[in-house]
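Novice: One-letter residues, chain by chain:
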Amino acid sequence: MNKENSEDVKVLEAQIERLREELVELERQKQNNYKDMTFSFTGEMQNALSFVCGQTQGRRKEVVMSQLEEEVNKMEEGLRRQTQMNGINLDSCITKTLQRSENKCIQQLCISGHCSEQEFQVEFQLSEEKQGDSSVRTVSDLNIVMDTTDHQSFKNFMSGAKENNDLLLFFRTLRTYLERCNDRCRTFQHFQKKYPSVVSLPGGCRSEVMSLSHPQLPGLVMFIHWLVDVSKEGKVTSKMDLLTKIPERALQLFPSQALSGTTEAFQSLLRILGPEAAVESVIGAISLSEDT
Amino acid sequence: MDTVLSKGVFSHFGLLEVQARNRLIRPQQSSRVKELKAEVAALKIKREQLKAEIQTHKTLQKLRLSVDKQSIDKEVEEMEEEFADTELLKLMAKHSHIKDLIYAHHLLGGYNIIKTNNDKAVCVSLATAYEGFYLDTYNLEIDLRSVLRISHHNIPPFIPLNSLAEQSNIQTDVKAFLELLSLHLNAYAGRKQQLKLVKEQFKSVEVMESNTLCTLLVLMFTASTKRTPVLCTLDYSDHTKSLPTRVLFECEDSDLPNSPEWKEHCSLLMETPVHKALMILRNVGDII
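Chains as they are written, first to last, in my numbering: chain A, 1 to 292; chain B, 1 to 288.
Please note that the accuracy of each hint is not assured.
As the list claims (entries may be wrong) - Each pair of labels, with its calculated beta carbon distance range: (1) B/GLN55 with A/CYS110: 22 to 28 angstroms; (2) B/GLN201 with A/GLU163: 17 to 23 angstroms; (3) B/PHE158 with A/SER135: 23 to 29 angstroms; (4) B/THR240 with A/GLN252: 46 to 52 angstroms; (5) A/SER140 with B/ASN169: 34 to 40 angstroms; (6) B/THR245 with A/SER159: 33 to 39 angstroms.
For the record, the hints were derived by calculation from the structure and aren't laboratory data.
In this text, all values refer to a predicted model and were calculated from it rather than measured experimentally.
Glycine included, C-beta positions come from ideal geometry on N, C-alpha and C.
Using the sequences plus the hints, can you model the full thing?
Specialist: This is the structure we're talking about:
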């Protein structure tokens with residue numbers, strides 16, 4: 001009898017050993033999967049996870065679902081508010097955990113979205129390290145993907161921000177820059193609508209140039225050049241210039257000091273009247289010549 | 001009976017004795033066996049639990065990738081056969097998607113906005129960062145009643161909160177106000193961080209003077225030619241920038257500041273953050 005029992009015990013102990021090893025392996029697999037795409041299972045999410053894995057704890061599916069749904073609705077509202085405040089629309093954010101220990105956590109994030117119809121994608125490493133009472137958060141290996149073919153001045157700033165891992169500065173500047181570009185586009189469109197015979201947009205409303213010409217004097221063209229410039233540090237400034245293009249022959253026949261001083265005169269107009277009024281008065285000047 | 005009789009009464013008693021002894025010993029062993037069997041059962045349950053979690057996680061990953069690409073319904077159709085809980089899983093994927101987006105906003109946007117319970121005020125959290133380091137976070141509570149008013153905040157007194165509010169028309173444009181405030185706070189954080197790095201990385205450079213808003217910095221370093229001490233004043237009169245608007249060198253040797261080399265150093269300090277500029281100067285051997 002003893003022998004049988006001790007054999008039973010041995011068999012069971014071996015089984016337990018094997019099961020324990022299996023559990024260690026499964027746990028390791030689970031942690032690795034979490035690293036690939038990190039989820040946070042707390043609160044209602046934890047309840048839902050337990051339910052799906054068979055631990056219903058006597059609750060009905062409808063209850064679990066409705067509680068989770070309530071939380072989702074609240075979060076959606078928060079997200080809407082956040083989106084409105086930040087002026088940025090985010091489409092996706094995937095997190096991978098590269099390293100996790102008691103004091104340090106390193107994650108890799110890939111975020112994509114759009115701001116004023118300009119699409120972007122950013123990828124970076126975020127490291128959070130406990131130092132005494134507080135924790136220090138650092139961004140490194142920042143990579144930004146954005147089509148800058150229409151935005152040459154922004155391109156230089158962007159490469160500087162990438163190098164310095166200045167994530168917040170990049171988005172702050174992007175927002176302001178795109179807002180100014182939109183202002184420019186709206187203003188150009190406004191003038192084109194109002195004075196269709198004088199104003200044309202050779203490069204479209206998103207370009208930097210608005211051209212002014214008189215329908216009866218094809219050789220006389222003036223350009224309003226509105227540059228939205230971004231400094232290395234992220235300061236966005238608008239610069240407007242009036243450029244004239246007058247045929248050589250006309251200049252020879254009608255040498256005029258007034259023409260040579262146009263650029264400076266425009267700058268004074270800008271200072272006195274502000275951009276829109278200044279442009280309006282230049283357009284007025286060109287159209288008026290029709291009457292004389 | 002025959003066996004008993006044939007083997008004898010004593011041998012029978014012997015047999016009974018062994019049996020009795022076994023009954024005494026076996027209960028302990030069988031309770032041990034019971035224990036072990038229970039442990040095996042518990043471990044098996046844990047194993048099934050873990051396997052289910054791993055499977056669920058894999059499914060959620062697939063769903064998340066679809067949500068992020070906004071094609072979740074197609075994915076769910078394909079999954080219909082496999083799982084009874086597709087609705088719940090879809091909801092879980094949505095939950096985690098939104099949670100991650102909110103987290104991303106906090107990291108990128110710089111403003112966290114929370115509406116208070118009675119909807120009469122909002123709490124705004126402004127993050128500051130410089131060159132990859134997240135620095136201090138500032139909070140303000142804005143009262144949303146008829147007249148917008150900042151009710152609580154932890155913004156340092158040397159940042160002119162009220163004049164910034166007026167300047168940006170906070171009543172009609174809260175976003176413009178927050179944008180302006182963020183500009184000031186981030187520039188201040190940047191200047192403060194540069195000063196910290198200068199103190200940490202350049203023991204041979206002495207900080208003679210600095211103010212709380214970090215808009216004035218006077219440094220003393222040693223030029224390598226003749227080991228002359230040079231006093232360098234950095235004026236940051238534009239409070240929305242973390243680069244100086246004016247750089248001045250003072251030295252016993254009055255020719256030095258006017259030399260072409262040092263005029264270049266002046267431009268360098270105007271265009272490059274001070275800790276980086278000093279690193280360059282040290283690397284080319286112009287300062288010690």
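Novice: Next step is simple, just say for each hint if it's right about the structure.
Specialist: Evaluated hints:
Hint check: B/GLN55 to A/CYS110, Cβ distance near 25 angstroms, so the stated range 22 to 28 angstroms holds. Checked against the hint of 17 to 23 angstroms, the pair B/GLN201 and A/GLU163 passes, with Cβ atoms roughly 19 angstroms apart. Roughly 27 angstroms separates the CB atoms of B/PHE158 and A/SER135, a value that falls within the hinted 23 to 29 angstroms. For B/THR240 and A/GLN252, the Cβ-Cβ distance of about 49 angstroms falls inside the hinted range of 46 to 52 angstroms, so the restraint holds.
The supplied range of 34 to 40 angstroms is met by A/SER140 and B/ASN169, whose beta-carbon atoms lie about 38 angstroms from each other. Range check, B/THR245 to A/SER159: about 25 angstroms between beta-carbon atoms, so the 33 to 39 angstroms window is missed.
In this structure, only the earlier hint numbered 6 is contradicted, and the remaining ones agree with it.
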